[in-house]
Amino acid sequence: MTNDRTNGSPRTLKTVSRAFDIVRALEELDGAGVTELTEHLDLSKSVVYNYLSTLREEKFVVKEGDTYELSLQFLLVGEYVRYQNVLYQIGKPELEELAEKTGEFAHLATEEHGLGVNLYKVSGEKAVGSEYQVNKLQRADYLHFSATGKAILAHLPRERVEWIIDQYGLPEKTESTITDREALFEDLETIRERGYSLNEEEEITGLQAIGAPVCNRHGRVLGSISVSGPVRRMKQSGYHEQLIEDVVNTANVIEVNINMEETDDEFPTFS
Numbered sequence: 012m013t014n015d016r017t018n019g020s021p022r023t024l025k026t027v028s029r030a031f032d033i034v035r036a037l038e039e040l041d042g043a044g045v046t047e048l049t050e051h052l053d054l055s056k057s058v059v060y061n062y063l064s065t066l067r068e069e070k071f072v073v074k075e076g077d078t079y080e081l082s083l084q085f086l087l088v089g090e091y092v093r094y095q096n097v098l099y100q101i102g103k104p105e106l107e108e109l110a111e112k113t114g115e116f117a118h119l120a121t122e123e124h125g126l127g128v129n130l131y132k133v134s135g136e137k138a139v140g141s142e143y144q145v146n147k148l149q150r151a152d153y154l155h156f157s158a159t160g161k162a163i164l165a166h167l168p169r170e171r172v173e174w175i176i177d178q179y180g181l182p183e184k185t186e187s188t189i190t191d192r193e194a195l196f197e198d199l200e201t202i203r204e205r206g207y208s209l210n211e212e213e214e215i216t217g218l219q220a221i222g223a224p225v226c227n228r229h230g231r232v233l234g235s236i237s238v239s240g241p242v243r244r245m246k247q248s249g250y251h252e253q254l255i256e257d258v259v260n261t262a263n264v265i266e267v268n269i270n271m272e273e274t275d276d277e278f279p280t281f282s
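FYI, this note's numbering numbers position 66 of the sequence shown as 77, with every residue one higher than the one before it.
It is worth saying that the hints were derived from the structure and are not from the lab. These numbers come from a predicted model, not from an experiment. Here a beta-carbon is modelled for each residue, glycine too, at the ideal position from N, C-alpha and C. One or more hints might be untrue.
Unchecked claim - Distance windows between CB atoms, simulated:
hint, residue 1, residue 2, range
1, 68, 186, 42 to 52 Å
2, 35, 246, 38 to 48 Å
3, 177, 231, 18 to 28 Å
4, 174, 112, 32 to 42 Å
What the hints assert, rightly or not - Below, a list of computed lysine-lysine pairs in the DSBU-like style, where the Cα atoms sit at most 35 Å apart:
hint, residue 1, residue 2
5, 70, 132
6, 246, 112
7, 246, 137
8, 103, 70
9, 184, 25
10, 74, 112
11, 137, 184
12, 70, 56
Work out the full structure: start from the sequences and follow the hints.
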């Protein structure tokens, strides 16, 4: 296979792109038949069937009656990728301790392709919103309205943040979501100065989250952590300050443990 380039970019293979279109469609539709996929993707039945047959032969698709679904092979691949991530390896036990201590939902996230990817979440005894939190693990999401996302954005180079905004925009999730570019950069500057981020009902009305970045010894952000809970409880005097301290301290512990074990060249930059 050659690596021919056009305008500085590598050539893409249409067959591979189309196979992933079918995979994504099966995810979006929660399983589908040939006819439904044909209409959804605007492809011929024969093309869709051939791709499904190939994916099924490679064990990435299963068939139940006339319905095709993604197979558990994706789970195995996903778990492999997650366990290869040093932030997950080292952050997981610290996150579990944070959730146990605070009683809230705790999250561990990173950025890839300009979107937030949740590597792990754990529920404390007081945690709320379980169904929504489970769904967060199943998709990449925008960075500008979550505490983990804003903690990451605050420590990325400005040109990278500009690219992310140009690529994805600043869609509104609630009335409190920051949708203005300059307002977001002002918020990110505040986050850098104080060392933690706040999600003030910007993702879900009634829910607040506190986040902190995890950086390497040179200040490059590797990911972030957060805790989230009902606004009324999270803003209680004394409790709010204690949560901030717990989140920042946990992030610092993860940073120290990562930097003790890893060298800089083990942290690639993903685009």
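Okay, the hints, checked on the actual structure:
1. About 49 Å separates the C-beta atoms of residue 68 and residue 186, a value consistent with the hinted range of 42 to 52 Å.
2. Distance hint check for residue 35 and residue 246: the Cβ-Cβ separation is about 39 Å, which falls inside the suggested range of 38 to 48 Å.
3. In this structure the supplied range 18 to 28 Å holds for residue 177 paired with residue 231, their Cβ-Cβ distance being about 22 Å.
4. At roughly 37 Å, the beta-carbon separation of residue 174 and residue 112 lies within the given 32 to 42 Å, and the hint holds.
5. Proximity of residue 70 to residue 132 is assessed by CA-CA distance (about 29 Å); at most 35 Å being required, the pair is judged to hold.
6. For the given pair, residue 246 sits about 17 Å from residue 112 by alpha-carbon distance, which is consistent with the 35 Å threshold.
7. Only pairs whose Cα atoms come within 35 Å are accepted, and residue 246 paired with residue 137 is accepted, the gap being roughly 15 Å.
8. Between residue 103 and residue 70 the alpha-carbon distance is near 30 Å, which keeps this suggested pair within the 35 Å criterion.
9. Of the supplied pair hints, the one linking residue 184 and residue 25 holds, its CA atoms being roughly 34 Å apart against a limit of 35 Å.
10. Proposed proximity of residue 74 and residue 112 is contradicted: the alpha carbons are some 44 Å apart, above 35 Å.
11. Only pairs whose Cα atoms come within 35 Å are accepted, and residue 137 paired with residue 184 is accepted, the gap being roughly 25 Å.
12. A hinted pair counts as satisfied when its Cα atoms are at most 35 Å apart, and residue 70 with residue 56 qualifies at roughly 21 Å.
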